[in-house]
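Asks: Chain by chain, the residues:
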Amino acid sequence: MIIDHPLLGPRDAAEFVYKGDASLIHRPDGMTATDDEMHDYVYLRDNPAGEHRELWYHEQGDRSWLVVTRNTLTHEISKVELARDVARAEGRGQ
Amino acid sequence: MSQPNRIDGGQIDRTHSLKFQWNERWMSGHPGDTLASALLANGVKLVGRSFKYHRPRGIFSAGSEEPNALVQLRKGAAQEPNTRATTVELFDGLYATSQNHRGSLEWDLMAANDLLAPFLSAGFYYKTFMWPKAFWEKLYEPVIRASAGLGRLSMWPDPDTYDHGYLHCDLLIIGAGPTGLAAALAAGRSGARVILADEDFTPGGRLNAETYEVSDTPGSAWAENAVAELAAMDNVRLMTRTTVYGAYDHGIYGALERCTDHLAKSDGKPRQVLWRIYSKRALLAAGAIERSIAFGNNDRPGIMLAGAVRAYVNRFGVAPGRHVAVFTNNEDGLRTAVDLRAKEIEVTEVDARKGDMIVDTKGRKGVHSVILSNGRTVPVDCVAVSGGWSPTVALACHHRGRPEWREDIEGFVPADDLPPGMTVAGAANGTMTLGACLSDGHERGVALAAELGAHGSSGAVALASDETFEIKPFWHVADAKPRAWVDLQNDVTTKDVRQSHAEGFRSVEHLKRYTTLGMATDQGKTANILGLAVMAETSGKTIPETGTTIFRPPYNPVAIGAFAGRARGKDFRPYRLTPSHKWAEENGADFVETGMWLRAQWFKQPGEKGWRDSVDREAAAVRRSVGICDVSTLGKIDIQGRDAAEFLNRIYSNPFLKLPVGKVRYGLMLREDGIAYDDGTTARLSENHFVMTTTTANAITVFRNMEFARQCLWPDLDVHLISTTDGWAQFAVAGPKSRPLLQKVVDDLDLSNDTFPFMACTECSVFGGTPARLFRISFSGELAYEIAVPARFGDSMIRGLMAAGEEFDAVPYGTEALGVLRIEKGHAAGNELTGQTTAQNLGLGGMVSKKKDAIGLKLSERVEMNRHDDLRLVGFKPKDRAVLLTAGAHFLTPGDPADMAHDQGWMTSVAYSPELGHSVGLGYLKRGGERMGETVRAYSPVRNQDIMVEVCSPHHIDPVGERQRG
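Protein chains in written order, with the working numbering: chain A, 1 to 94; chain B, 1 to 966.
Calculated from the structure, these hints are not laboratory results.
By construction, the Cβ of each residue, glycine as well, lies at the ideal position given by its N, Cα and C atoms.
It cannot be assumed that every hint is accurate.
[Unchecked claim] Under 8 Å between C-beta atoms, here's a sample of chain B residues computed to sit facing chain A:
{"hint": "1", "residue": "L713"}
{"hint": "2", "residue": "P715"}
{"hint": "3", "residue": "K858"}
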């Protein structure tokens, strides 16, 4: 696969490490989360047949974490964003 | 040395002769020959034995689709089993032998299997070897293993080298037949960057095998001119002997180039290169593969595909027979008769479209006659069969594409579910005549080049007339009494297909697995459609209703060595050397691989008989005077920024916000599920600058997880990370004499306990100006320091430290003594941090702060992870002090039965303590903290040990920590 890095352009997927569902960005605060909330965050993932937002880490590159929107059936990649931008846009900023 | 079947014509170089050996007999051929054409030229018909029945078999095709002529190529370590004689380019000195027979090829003892055929039909494995149960291991499996497979491995390491390569292009054209050449000419002239790949050593495809004319020149000459024109274009890369074997994601194709297989020796060059080709567009012009017709005894040597007969006659100048029966259901097959008669070979036409059939053949080691449906027996020495041509759709279907049936050509063509970026042209797309293929290739080449922004003049399309094309579905001679083969490689007959249906294995995927139809090296290239047709007929369905099996890479076999490339042996996972490696080598170190590193394990001194002598001496020296150990392999992460302390406070389970500048703190990281993950020390060099160490094993993943936390969880914290593991050479200097030693080394720094106490750190310089970092931390429990210098000074640093330490009897120590010291002191390491243990288990539960959020806090509070009767890390010593403890032993309350229901924990680490004079251990014991002084049983059935041990503090030495603070 080829991932079109927002800063570096098209890069081979072999340069990246895969983590999983981009919902991992939404970590509940450990001081206020309920057991169920933290349990769901750590253990539960959707496994869609189709479009999936997922986290990839450019370990053999600039060490950016990316949110890649990929179709799990066709491997078509429709969107690649810097995870930091996504995290801020989704309310992880201060 | 004569070549009785060599005839005029062909594209071989008769001015040169090549000598080769077949089954120890010397023969000769010419450059341009394949092993198959040379064997035929020399009159060799019988080349192998079939897989199951050991039937005599000959050459069936003239390409990589060959199911029969699999040979053992070369001698010694370089030999390769199951090599298709039809793709082996002849070279001087070639050595090949036949496979799959016991005794000689002519008199194979295993041929008795053929008489047992009624018992060996589809599914016989599943039916026969079920009972009696005890027979499986003792009888069935050894017998099956002995008879399984065709060729034999050399049992030596592969002496050749293989490379991986990467290529980029606008347009990848797969196949250099008429379609591919026409497309490459058009796209190349337009200016597109083109790669044209073909598995043959001579491009041209069927143009070389047929007598067609293109633009008023012989087809093969036109192909040669086209290749010359392409070779002169800077923007075109022509890759012969290169099989594109897989269509992967996003325009990436896998290709195998055979670089030296056509030479006697590789002479140090890579034998094959596995290419990864990145393309913007791909054009599949892979042509078509001819298929057979199933009739009685249609597997005898001398029975070949009609197109292969033409290839041998027209391209290689070889007559596969002198009297040939041509059995065809289509017009193309009849061209064989025309071509053969032109070479004065006698021909008997058997046209299935007129209702004529071959019903049986005779001739055990080579066909000598055919019996026709009209009852007539005709003496022949070769049969040319054509059941029509199947478009080579495999690559078009590698993304799970399902091809569509086209009745006018009686074949499957790619549907519109192609891999993105792929176009299919020519015969691969069902365009079965030459003129149409040339214009199809040209037009696609022009269109694709334009899509890619190349608009140069594409030149004129090459012209050829379209031959007549007509096919009538005819798959097998129904009710043939003798067996009629569908898949020659796997010995699958029409009867097997019908039996599969009768026994309920009706889906094509089941048919494949039950009968083995379409498996092994040829993947049923000449057999699958025929098998489907028989299945369709038996089940009363149409062929498209029956469907095809899934196509998967690789299209043709790829040697494992090619996939491995250079990543073999030590290069599979190269290790890194520590900065003091050279010095350690000079000083008698034994080395051990730890993770990605090669580290000194111990330093053997003269007179030491075994490793224990060295390790005991090193560990004792640290406790008595001073020892020096390279600890550069620990992960090091530089952390800077206004929020660096806040960030660390969220990463570590224990507090870091208030760590003073100039101090080091031990930190424990949890995983988000609450399990202990990694530990190490972090030093605060200045207000906004920290240096973290991680365990050697987790250096990479800790850094990765911290980047995740930084970018994804808390994107607005002002903190930056950089891995400096390789940047610093770091040495532990441990023992009572470490202070005076280091005092000699550092510039202008007072190391007295008051000014540089336990857990202090500072940036400083050593040996008159070399920048350094000094940490007063102790893994051994002694007064100890770790001193770091930029990695380039690592070698001079170890030499300087050892010289400065001479007066204190300083010794270097390796990883084993390091282990002894930490076990004596009761520090957890990899054996204890198993990924299943909590902070509570480690006895570090009190470290986990409840006052702040950090990774893993919430789930570490789960009730089941905080049970008071859970495992605790404690120390152990043998009741009989002379006994050595065993790691992995399980603990039992004395008197309890030795089973898992009564399991009380296990021993994690053991060492002989030279300081205490007996063996010491660490381990997890239920309620361990409350059981000091208790005697438990340590039971290791694996190592045959059953002893009594005493529970004690894990801190076998200096439990209150006076030494390290002194």
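Asks: Now tell me if each hint is right for this structure.
Replies: So, going through the hints one by one against the coordinates:
1. L713: Given a least distance of 5 Å, the restraint on L713 (chain B) holds.
2. P715: For P715 (chain B), the interface hint holds, since the closest Cβ of chain A sits about 4 Å away, which is under 8 Å.
3. K858: 4 Å, holds
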